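Using the sequences and the hints given, assemble the complete structure.
If you read the sequences in order, they're chains P, F and G.
When you line the first sequence up against the numbering used here, it's residues 1 to 238, in that order.
When you line the second sequence up against the numbering used here, it's residues 1001 to 1300, in that order.
When you line the third sequence up against the numbering used here, it's residues 2001 to 2287, in that order.
Derived CB-CB ranges, DEER-like:
1. F:GLY1115 <-> G:ILE2121: 34 to 44 Å
2. G:MET2173 <-> P:GLU30: 21 to 31 Å
3. F:ARG1283 <-> G:MET2173: 17 to 27 Å
4. G:GLN2004 <-> F:ASP1107: 21 to 31 Å
5. P:GLY135 <-> F:ASP1262: 51 to 61 Å
6. P:GLY135 <-> G:ALA2147: 26 to 36 Å
7. P:GLY41 <-> G:GLY2087: 16 to 26 Å
If we take Cβ atoms under 8 Å as the criterion, some of the chain G residues that face chain F in the derived model are:
8. GLN2088
9. LEU2094
10. VAL2096
11. SER2113
12. ALA2114
13. THR2258
14. TYR2259
15. ALA2262
16. ILE2268
What the hints contain is simulated information worked out from the structure, not anything from laboratory work.
Since the structure is predicted, the reported quantities are computational estimates derived from the model, not experimental observations.
Even glycine gets a Cβ: it sits at the ideal position worked out from N, Cα and C.
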Amino acid sequence: MPETVLAAESLTSGYGKAVICQDVSLALAEGEITCVIGPNGAGKSTLLKTIAGVVRPMSGSVRIAGREIAGLPAPRIARSGMAYVPQEANVFRQLTTHENLTMGAWTDPGRAEAACARVYGMFPDLKPLRRVRAGNLSGGQRQMVAFGMAMMLEPRVLLLDEPSAGLSPLMVRHMFDIVRRVNADGVAILMVEQNAIEGLRVAHRGIVMAAGRVALEGTAGALLDSSEVSELYLGTRA
Amino acid sequence: MSAYLVSMGTFVGFFMILALALNLQWGITGMVNFGIAGFYALGAYTSGLLSAKLGVPVGLAIPAACLAGLVMGAAVALLSVRLREDFLAIVTLGVGEVIRLIVLNEDQITEGPRGLRIEARPFGEMIGPDLYPLFYLGLVAACVLLTYAVCEAIRRAPMGRTLRAIREDDVVAEVLGKNVLLHRVQIFAVGGFFMGLAGALYAHYVQNISPEVFMPVVAMFIWMSVIVGGAGNNRGILLGAGAVMVFLEGTRFVGDFTDALDAEKMSALRIIAIGLLLIVTLRLRPRGLLPERKFKAPSD
Amino acid sequence: MSLQMIVNALVNAALIAPPAMAFSLLFGILRFPNFAIGGYITVGAFAAFTLNVPLGLPLPLAAAGAMAVTALVVWGAHVLVFRPMEGQSAITLLVVSIAVTLILENVIRLFYSADVRGFDIPLQRPWKVFGAHITPEQVEIIGWSLAIGVMLHLLLAHTRIGRAMRAVADNPMLAAIRGVNAGRVTAFTTAICGALFGLTGVFAGLDLVIEPLVGWNLTIPIFAAAILGGIGSPYGAILGALLVGLAEEATILVLPSTYKIAVGFVIIAVLLLVRPQGLFGTAEIKK
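Pasting the structure below:
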């Protein structure tokens, strides 16, 4: 039985008085990809933001490798071995590619140089762009920078918010290849995807959210086969 | 003492008119104006110069001052089309300063720092000097009421809802088919009209105007009135203007009790106190003493 | 345009370039036009005056002291006034920043009166270069201004804290996600900018006079330089300062010099209408 690296229990959060995520529990095992799917407004992104500390939880707990992080500010959580890639505004547009990557090693600057070399190995396309401002990159290149920045300090857990959003079909495939490769290196990934079929195909397990709660969960294969999921959330009949 | 109260009341009136006009522009419609001192000066010098240099009767000079403010307001509003509000703030402040500089430098016409002497006063020949200050207070009070009535009518009319929509999100208002530019120009012009009126009333009251009165600090006092009173709420504005003026003037009396501070130091202390009043109000009541009530969504 | 006017323009530019860079940096992080800079510059001028004249310190030491005092004041204003108002609209903060300037100016009037003062330095004969006069102090101002430009560049481009300053200005949320403590970066930025405003106060005292309105009179040219350069871009601010300096001198050719301070406003108004992102900037400042 692999170890649980990320565990959320009865997590409730929202903005102001509005509750968006209600009583969500999930567990992410070492080396596993879990994909969170569900209709718009189901609270998927808010769930990730709460785990990453960008949105403060109202109640519940989040543990990384057994250590409680719920309620800590985002800069503290950045030191917990978990890296979060937001969906939008996930690069520093005024900074160059290389500077963006070094920002990924902010909490441990001693490792920046070696880490940059490793990330350029992962994304060779970025190497010639190292002096280009991220604001001038294409959408796919920017996504690679965002991804690379999160990978700098070799996190144990990666939180990805819609990695395929706004990319061309070719880039989407490329992106999911990268997700697989990173995962093959042993990184556990919790990913939110609008593109449910593609997301579940990459993932080991799936969670279906609706109206802020976990509606269904199971292995990715089972969810893909489930007629309920197909009708309700995938929009196709299997 | 009572003469002093009458004079102070008159000045509170000028402040109230200016603050109501700013509330119309900013509190209700969301358009920034830091050039209030310029509009005030424009009104004062238009009316003052027309009556002192050209002999135009006061009954025509004062409306002319209002008209000057109206035209100027419409012109400045056109700037608001392209500018984000914080930069519009800098530009309007600039407009005010440029007006002051013109008054200061073109002294062959305006008498510059020597001050422009204005003899003519509304109904000056008909009312004796004993009663005149009281009469003028009444005149200013009537103008305050008029301004209040117009501002309140605009706020309550269907147009008021459109204006708030523009304030909250001009793009949405535009999409909903509202002519945002036209509304902006109209409201800014109406605000300019009343600021011109306040300037003219001031000019014929003090009968000697000079550019150092129209420093940007005037704009600050009016902004403080609106923020302290509660932007968007006309009654709050009256309260705010009264509070700021009483605070400004009331602190004068502190000087009477102590000889340690000369006039210069007292005036410095007063401005410090006003600045602190603003900061403390914003910390304790971020939406002002009488906040605008949440308006209902259109039901039609 | 004579050589003398170009010299004057250079001195003007050297005077407003450092605070324009500082204003740009502050705007990048705090996101509102901070009118408090007028008060900060005045504080710098009077702090240096106090250390130099009544206390008799040599001017370089007094200038260093003034930079420290102003840095402390700017940081204090941030902690006491601006930080608790986070989330208020830019306009409210702008009004508050004018209030801060009024408070600082008048605290100084309270203690020093509005008299015009100067530093205790030996009167030096201006040098003559190809017929143009330039005082040794003006040469120093230009030299220091250049040095500050270079140092600020090194700080922003090649140090860890400099990179964090740019990152927080660019995307505060992402900076927090990557572990940057934005509060500390902001505190550092306010202190650096404060030191620059303090130094500007010293320069203004050398080149102009020391009086409570000295900072207010420089505020608009500084805004104009920063906006010309593209707000939030400290390098653009240097070029912006040069253009404002030249424009101010050129105005004297056609208008009485008393209109000089209107030049900044006119530049701002025209530029914002024609090219809202500034001459060299990319950041949008139109709505």
